[in-house]
Amino acid sequence: MEKLMLLGDEALAQGALDAGISGFYAYPGTPSTEIVEYAQRSKQAAAGNVHSKWSSNEKTAMESAIGMSYAGKRAMVCMKHVGLNVAADPFMNSAFTGANGGLVVTVADDPSMHSSQNEQDSRLYGKFAMIPILEPSNQQECYDMAFWAFELSEKYRIPVMIRLTTRLSHSRSGVVRREPLPQNSMKKPEDIFQFMLLPAIARKKYKHLISLQPEFVQEAEASPFNEIKLDAKDTSLGIITTGLAYNYLRDVFGEKPVPYPVIKICQYPIPDKAIHQLYDKCDSVLVLEEGMPVVEEMIKGLAFSGTKPIKGRLDGTLDRDGELNPNKVARALGLPDTYGEDIPEIVAPRPPALCVGCPHADSFLALNEAIKEYGRGHVFSDIGCYTLGFMPPYNAINSCVDMGASITMAKGAADAGLYPAIAVIGDSTFTHSGMTGLMDCIYENTNVVIVILDNLTTGMTGGQEYTAFGKLEEVCKGLGVHPDHIRTFFPIKKNWDEMVQIYKEEIAYEGVSVIIPRRECVQTLKKKNMKLREKKA
Amino acid sequence: MKKDIILAGVGGQGILTIAAILGQAAIKRGWHLKQAEVHGMSQRGGDVQSHLRLSDQPIWSDLIPFGGADMILSVEPMEALRYLPYLGKEGWIIANRTPFENIAVYPDLEKIYGEITRQPNHVLIDADTIAKDVKANRAMNIVVLGAAIKHIGFSVEEISDAIRDIFNRKGEKVVEDNLRALQAGIEAK
Ligand SMILES: Cc1ncc(C[n+]2csc(CCOP(=O)(O)OP(=O)(O)O)c2C)c(N)n1
Ligand code: SF4
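So the protein sequences, as listed, match chains V and S. For what it's worth, the working numbering labels the leading residue of the first sequence as 1, then goes sequentially. For what it's worth, the working numbering labels the leading residue of the second sequence as 1001, then goes sequentially.
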């Protein structure tokens, strides 16, 4: 078959489609977004009626995927690493219910925080849930592992995690396809207890999950994706790589074979037996892994009371944080390192910024004007393009913690006596996890002003639809905000006086106010116009 | 044979299109390719880069090592310099002269040019003006590509074919504009 040039994300999506998936569920998040976007563009997905619409957030996505698995079909839920915090409750419990149709949880981590607020390692969640984890090292493995993950999931009736990292998610390479499989037909679970986690049943489920652990280890020992090569001559060092780190190891040796024994781990739990063999054989061990020192800690802490040095991120052989690259790996191996020239001093940083003409800019400048008498420190914000309102010249916001936190942090601060307490949240973020916080405010009639920046899209991740699109006023009214205190304006310089006035009036109102500045993101507008032009051409 | 190229610019300047064209040309040769892209936060007007690795041998790492790049191809002058740590000893630096000024204080341009021309192997062209001169205003990126291809070792025919493949669905006019831009880039001094 022909080779497709795919991002890691896209290869995984194509693999899932060819493996007979019936539904993708997801909320966007860098670097995972392109998985579902690929499915949304795919003719194959459309022809097979494969679900690929966005969910409200990662928790609703995870639960929908569990539901599809309940009905016997193959489902995948996709998210960025911090999305799994939001979906953690159904995720952890899905290890207890297990799967009926294949259930795959794909999580894309972002070491070095290219587009994230932390660099947590999802393998710890997989281990926490006691389920098998697959970590592809290249685009072809992304494709192949989709098949493998569904197979494993149905064999053991267990959810399987696929862990990606930024450099694989967003790197393109050739992928060879296989013969596609048909979708499963609908089939209710045979066991009526399977998805019932009443304590008495859950206790049995936990014992069952524990009993599966040795089998998961055996699967990893025999996995086609784990490569165990212990016959190299130089045993002064043994190397364990996970996922993508294997590539850097091979890269630094170029066309030469690696002179040391090597275990390449792409399927977890870690293959115990092989690791013991490597440890016994070699004088020291180096662990190369993308993300946190997960395997390194396991090996150091659990298996060995021995005295041989285990090198990696914990002993400083490699940086404790940040992603790997070929140079870091070369240095860890004591090989010569290369470097061009330093960046000349004259080069200035160019941090990301709101686009020229962005509606958020006008909303922020007017807000600054309306609250200048109170000084800085009154505006809680959230995650999205508008987080860039922190930067000069706006200096408009004072917090960014997790999606939805603007409203609830403003509430807590208002409860403590802060006035005014203002929340600034994007339309998509409000849909993701702002509504429940708003309910808390309404319940107590907390004195807050909630600004929902409606740019008609999920801007930060490239312009996706979201579930409450076009319904923000209705939602706020329905939740119980007084209609007189749901205000909208068109954020543009010309409307300066009106904008400032509305902010001031609602700050003066004692109770819950919602202000919705509404103007389309200039990037999605540009894209729409471009498509129109292309159509004409 | 291998070609490791750092593509540089500012979010929205079209470096991924350059990557797609070179990638397409490499595939037609039956070469291997890995191309690490930047998505997300930094696309909002920040500096962006793509690591493009082309080789007739299998490629392992998605990232080019520091000191390992055969070329920095930049559609913006200051951005070209940001990746000097990646440039190999014999490497080429191909850059557009026109700055993208979206920061409060953009450094002295003459000093930026000085740093570029200090490099033993450099090409510095006014791609924006050249694109306008051949009435292909939106194809500045392809002008820079044109200036680069002989140093990458691809023929005009190979790149022209790739441009046709990539832009075909956008209509004949877009294809023609880009082919003119390519030719102008090749001839640029
Ligand atoms: C739990 C979680 N899921 C997803 C993301 C990724 N993410 C960050 S901001 C954002 C969307 C922002 O959209 P919106 O609120 O409409 O603001 P805009 O970017 O359009 O200004 C997403 C999906 C995240 N940071 N955390
Ligand atoms: S992408 Fe849209 S919302 Fe984000 S900064 Fe640009 S214009 Fe504003």
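What the hints contain is simulated information worked out from the structure, not anything from laboratory work. The structure presented is a predicted model; accordingly, all values stated were derived computationally and were not measured. Hints may contain errors.
Straight-line C-alpha distance at most 30 Å; calculated DSS-like pairs for lysine-lysine [stated by the list, open to error]:
| hint | chain 1 | residue 1 | chain 2 | residue 2 |
| --- | --- | --- | --- | --- |
| 1 | V | Lys-531 | S | Lys-1170 |
| 2 | S | Lys-1111 | V | Lys-256 |
| 3 | S | Lys-1002 | V | Lys-3 |
| 4 | S | Lys-1135 | V | Lys-43 |
| 5 | V | Lys-528 | S | Lys-1173 |
| 6 | V | Lys-229 | S | Lys-1189 |
| 7 | V | Lys-43 | V | Lys-229 |
| 8 | S | Lys-1170 | V | Lys-527 |
| 9 | V | Lys-526 | V | Lys-494 |
| 10 | S | Lys-1003 | V | Lys-256 |
| 11 | V | Lys-535 | S | Lys-1003 |
| 12 | S | Lys-1135 | V | Lys-536 |
| 13 | V | Lys-273 | V | Lys-300 |
| 14 | V | Lys-531 | S | Lys-1135 |
| 15 | V | Lys-43 | S | Lys-1111 |
| 16 | V | Lys-531 | S | Lys-1132 |
| 17 | V | Lys-526 | S | Lys-1135 |
| 18 | S | Lys-1150 | V | Lys-531 |
| 19 | V | Lys-53 | S | Lys-1170 |
| 20 | S | Lys-1002 | V | Lys-536 |
| 21 | V | Lys-205 | V | Lys-155 |
| 22 | S | Lys-1150 | S | Lys-1002 |
| 23 | S | Lys-1170 | V | Lys-43 |
| 24 | S | Lys-1003 | V | Lys-528 |
| 25 | S | Lys-1150 | V | Lys-526 |
| 26 | S | Lys-1150 | V | Lys-3 |
| 27 | V | Lys-526 | S | Lys-1003 |
| 28 | S | Lys-1135 | V | Lys-535 |
| 29 | V | Lys-528 | S | Lys-1135 |
| 30 | V | Lys-3 | V | Lys-256 |
| 31 | V | Lys-205 | V | Lys-188 |
| 32 | V | Lys-527 | S | Lys-1173 |
| 33 | S | Lys-1111 | S | Lys-1173 |
| 34 | V | Lys-527 | S | Lys-1111 |
Now for the hints, and whether the structure bears them out:
| no. | hint | in the structure |
| --- | --- | --- |
| 1 | V:Lys-531 / S:Lys-1170 | 9 Å, holds |
| 2 | S:Lys-1111 / V:Lys-256 | 43 Å, violated |
| 3 | S:Lys-1002 / V:Lys-3 | 20 Å, holds |
| 4 | S:Lys-1135 / V:Lys-43 | 36 Å, violated |
| 5 | V:Lys-528 / S:Lys-1173 | 19 Å, holds |
| 6 | V:Lys-229 / S:Lys-1189 | 53 Å, violated |
| 7 | V:Lys-43 / V:Lys-229 | 41 Å, violated |
| 8 | S:Lys-1170 / V:Lys-527 | 13 Å, holds |
| 9 | V:Lys-526 / V:Lys-494 | 22 Å, holds |
| 10 | S:Lys-1003 / V:Lys-256 | 19 Å, holds |
| 11 | V:Lys-535 / S:Lys-1003 | 36 Å, violated |
| 12 | S:Lys-1135 / V:Lys-536 | 20 Å, holds |
| 13 | V:Lys-273 / V:Lys-300 | 15 Å, holds |
| 14 | V:Lys-531 / S:Lys-1135 | 21 Å, holds |
| 15 | V:Lys-43 / S:Lys-1111 | 51 Å, violated |
| 16 | V:Lys-531 / S:Lys-1132 | 23 Å, holds |
| 17 | V:Lys-526 / S:Lys-1135 | 21 Å, holds |
| 18 | S:Lys-1150 / V:Lys-531 | 34 Å, violated |
| 19 | V:Lys-53 / S:Lys-1170 | 27 Å, holds |
| 20 | S:Lys-1002 / V:Lys-536 | 41 Å, violated |
| 21 | V:Lys-205 / V:Lys-155 | 16 Å, holds |
| 22 | S:Lys-1150 / S:Lys-1002 | 15 Å, holds |
| 23 | S:Lys-1170 / V:Lys-43 | 19 Å, holds |
| 24 | S:Lys-1003 / V:Lys-528 | 36 Å, violated |
| 25 | S:Lys-1150 / V:Lys-526 | 34 Å, violated |
| 26 | S:Lys-1150 / V:Lys-3 | 27 Å, holds |
| 27 | V:Lys-526 / S:Lys-1003 | 34 Å, violated |
| 28 | S:Lys-1135 / V:Lys-535 | 22 Å, holds |
| 29 | V:Lys-528 / S:Lys-1135 | 24 Å, holds |
| 30 | V:Lys-3 / V:Lys-256 | 27 Å, holds |
| 31 | V:Lys-205 / V:Lys-188 | 19 Å, holds |
| 32 | V:Lys-527 / S:Lys-1173 | 19 Å, holds |
| 33 | S:Lys-1111 / S:Lys-1173 | 38 Å, violated |
| 34 | V:Lys-527 / S:Lys-1111 | 36 Å, violated |
Checked against the numbered hints above, the structure violates hints 2, 4, 6, 7, 11, 15, 18, 20, 24, 25, 27, 33, 34; every other hint is satisfied.
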